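Protein chains in written order, with my numbering: chain X, 1 to 249; chain F, 250 to 498.
Simulated from the structure, these hints should not be mistaken for laboratory data. One or more hints might be untrue.
What the hints assert, rightly or not - For each label pair, taking beta carbons as the anchor points, the in silico distance ranges come out as: (1) X/I97 <-> F/F487: 24 to 30 Å; (2) X/E245 <-> F/H459: 40 to 46 Å; (3) F/G410 <-> X/G161: 32 to 38 Å.
As the list claims (entries may be wrong) - Rough simulated footprint, nothing fancy, chain X against chain F, three-plus residues with beta-carbon under 8 Å: (4) 288-294; (5) 316-328; (6) 410-421; (7) 455-463; (8) 486-496.
Treat the numbers as computed from the prediction; the structure is a model and nothing was measured. We treat Cβ as the ideally placed atom computed from N, Cα and C, and that holds for glycine.
2 protein chains.
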Amino acid sequence: MKNNTKVNAAILIIGNEILSGRTQDTNTSTLAKWLNSMGVKISEVRVIPDIEMTIVDTLNFLRKSNNYVFTTGGIGPTHDDITAKSVSKAFGLTYEIHKEAFEILKAYYKTGEFNGGRQKMTWMPKNAKLILNPTSGAPGFNVENVFCLPGVPSILKSMLGGLKNRIIGGEPILSHTVNLKTVESEIANSLSKIQNQNKDVEIGSYPFFHAGKLGVSIVIRSENQSEIDHCNSQILKFVKEKKIEIVDR
Amino acid sequence: MKNNTKVNAAILIIGNEILSGRTQDTNTSTLAKWLNSMGVKISEVRVIPDIEMTIVDTLNFLRKSNNYVFTTGGIGPTHDDITAKSVSKAFGLTYEIHKEAFEILKAYYKTGEFNGGRQKMTWMPKNAKLILNPTSGAPGFNVENVFCLPGVPSILKSMLGGLKNRIIGGEPILSHTVNLKTVESEIANSLSKIQNQNKDVEIGSYPFFHAGKLGVSIVIRSENQSEIDHCNSQILKFVKEKKIEIVDR
Numbered sequence: 001m002k003n004n005t006k007v008n009a010a011i012l013i014i015g016n017e018i019l020s021g022r023t024q025d026t027n028t029s030t031l032a033k034w035l036n037s038m039g040v041k042i043s044e045v046r047v048i049p050d051i052e053m054t055i056v057d058t059l060n061f062l063r064k065s066n067n068y069v070f071t072t073g074g075i076g077p078t079h080d081d082i083t084a085k086s087v088s089k090a091f092g093l094t095y096e097i098h099k100e101a102f103e104i105l106k107a108y109y110k111t112g113e114f115n116g117g118r119q120k121m122t123w124m125p126k127n128a129k130l131i132l133n134p135t136s137g138a139p140g141f142n143v144e145n146v147f148c149l150p151g152v153p154s155i156l157k158s159m160l161g162g163l164k165n166r167i168i169g170g171e172p173i174l175s176h177t178v179n180l181k182t183v184e185s186e187i188a189n190s191l192s193k194i195q196n197q198n199k200d201v202e203i204g205s206y207p208f209f210h211a212g213k214l215g216v217s218i219v220i221r222s223e224n225q226s227e228i229d230h231c232n233s234q235i236l237k238f239v240k241e242k243k244i245e246i247v248d249r
Numbered sequence: 250m251k252n253n254t255k256v257n258a259a260i261l262i263i264g265n266e267i268l269s270g271r272t273q274d275t276n277t278s279t280l281a282k283w284l285n286s287m288g289v290k291i292s293e294v295r296v297i298p299d300i301e302m303t304i305v306d307t308l309n310f311l312r313k314s315n316n317y318v319f320t321t322g323g324i325g326p327t328h329d330d331i332t333a334k335s336v337s338k339a340f341g342l343t344y345e346i347h348k349e350a351f352e353i354l355k356a357y358y359k360t361g362e363f364n365g366g367r368q369k370m371t372w373m374p375k376n377a378k379l380i381l382n383p384t385s386g387a388p389g390f391n392v393e394n395v396f397c398l399p400g401v402p403s404i405l406k407s408m409l410g411g412l413k414n415r416i417i418g419g420e421p422i423l424s425h426t427v428n429l430k431t432v433e434s435e436i437a438n439s440l441s442k443i444q445n446q447n448k449d450v451e452i453g454s455y456p457f458f459h460a461g462k463l464g465v466s467i468v469i470r471s472e473n474q475s476e477i478d479h480c481n482s483q484i485l486k487f488v489k490e491k492k493i494e495i496v497d498r
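Please put together the full structure from these sequences, using the hints given.
The following block contains the structure:
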């Protein structure tokens with residue numbers, strides 16, 4: 001489904017392990033690309049610790065200032081998994097056993113293995129909608145515009161497919177990249193002029209050092225392909241004038 | 250230098266390329282580990298777009314609620330590099346050519362190559378303190394408790410050494426990890442009891458799937474080694490009782 005207004009989302013990464021530097025977040029990039037393809041732009045990302053008050057306050061701010069919020073982390077069986085409880089509090093909903101989630105996990109585990117830790121993963125905000133987990137059983141959940149996903153990247157990825165029809169995006173955000181064998185300072189002025197003449201397009205300039213090559217990637221982003229094409233032709237014009245080589249990355 | 254109170258910092262990642270998912274941030278992990286080793290704990294991380302008002306507002310909030318703020322990105326020569334201008338505005342300082350930075354870059358580049366784009370990198374908040382860049386010349390800068398670093402990870406890393414004596418940390422945050430061949434739900438209750446009895450210690454539980462091994466890393470974090478040792482012995486006790494195997498990762 002699509003609509004014509006801009007649609008934005010925030011990503012809320014919950015977990016001390018990211019803040020300590022122990023774990024490298026990769027879910028931002030996964031979620032951003034997936035959401036972009038549906039016309040949802042990420043307005044901001046926040047990484048916060050496993051502290052209930054912080055989760056409640058941050059979520060209550062983000063869910064009001066964004067069309068969607070995606071949280072990652074904190075929905076497992078251990079004491080530091082407090083996302084479901086915090087989301088319940090943020091929405092003023094009872095934190096209780098979710099019958100459907102309970103049935104799913106009861107069927108998933110062998111008799112006798114559905115222990116207390118595993119049952120904790122069925123506690124959710126009252127009437128939450130489940131997000132099915134084809135990898136490891138335990139579902140995520142969705143309350144209004146907030147979607148709670150696990151922190152383990154492979155599990156998170158496997159759950160996105162089932163979510164697609166709950167997201168109403170705008171026009172997909174298109175992008176085009178030109179890689180140049182140059183340095184940023186050589187093209188800064190020309191690029192600046194093009195950006196000033198094309199305010200609705202987002203032109204980014206990113207130096208790269210990759211496989212022994214040094215260069216600059218120019219990324220043009222817009223919902224409108226013809227505007228991208230227009231900027232691209234203006235860029236190719238100065239590239240030709242300055243005799244800059246276009247390269248693969 | 251050290252003091253005995255808790256010292257915290259926020260990381261502010263400035264750049265559309267992270268929000269679009271095009272670039273994977275790795276600077277958070279680098280900065281977090283480096284700051285942790287000096288007794289500075291990361292309270293939160295925010296990723297925001299290249300929009301001046303957003304940078305100004307977010308920075309003004311974070312610099313008042315944290316002992317330090319580290320920004321990454323947006324200090325290069327192109328139109329989308331607006332960190333220095335935004336930081337000037339946040340502090341109410343004139344945005345002007347920094348004489349020392351100008352001399353450094355004039356000497357760094359060959360005659361005739363110190364063009365407009367490169368000169369842009371010498372514009373900073375009035376009286377900013379430079380953060381020298383041993384990799385590519387262009388310095389970062391520091392105003393009060395805010396430190397502005399580049400987005401390119403290898404350059405950022407090379408600039409941290411010169412910054413060390415400007416950070417006054419608390420007690421270094423120590424950590425100990427125990428890797429177990431188990432699943433989280435098997436140890437959730439035991440771990441929860443230990444956490445409840447040791448409120449000053451941060452115990453994290455992180456499932457891993459690594460090189461064909463499936464397990465759980467338990468991470469104990471504290472400024473106090475004896476508290477870590479105490480928790481560790483309690484963990485090893487239930488590990489032995491439950492006949493769980495300790496593994497390398």
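Hint check results:
no.: 1; hint: X/I97 <-> F/F487: 24 to 30 Å; result: holds, 26 Å
no.: 2; hint: X/E245 <-> F/H459: 40 to 46 Å; result: holds, 41 Å
no.: 3; hint: F/G410 <-> X/G161: 32 to 38 Å; result: violated, 45 Å
no.: 4; hint: 288-294; result: holds (count 5)
no.: 5; hint: 316-328; result: holds (count 4)
no.: 6; hint: 410-421; result: violated (count 0)
no.: 7; hint: 455-463; result: holds (count 3)
no.: 8; hint: 486-496; result: violated (count 0)
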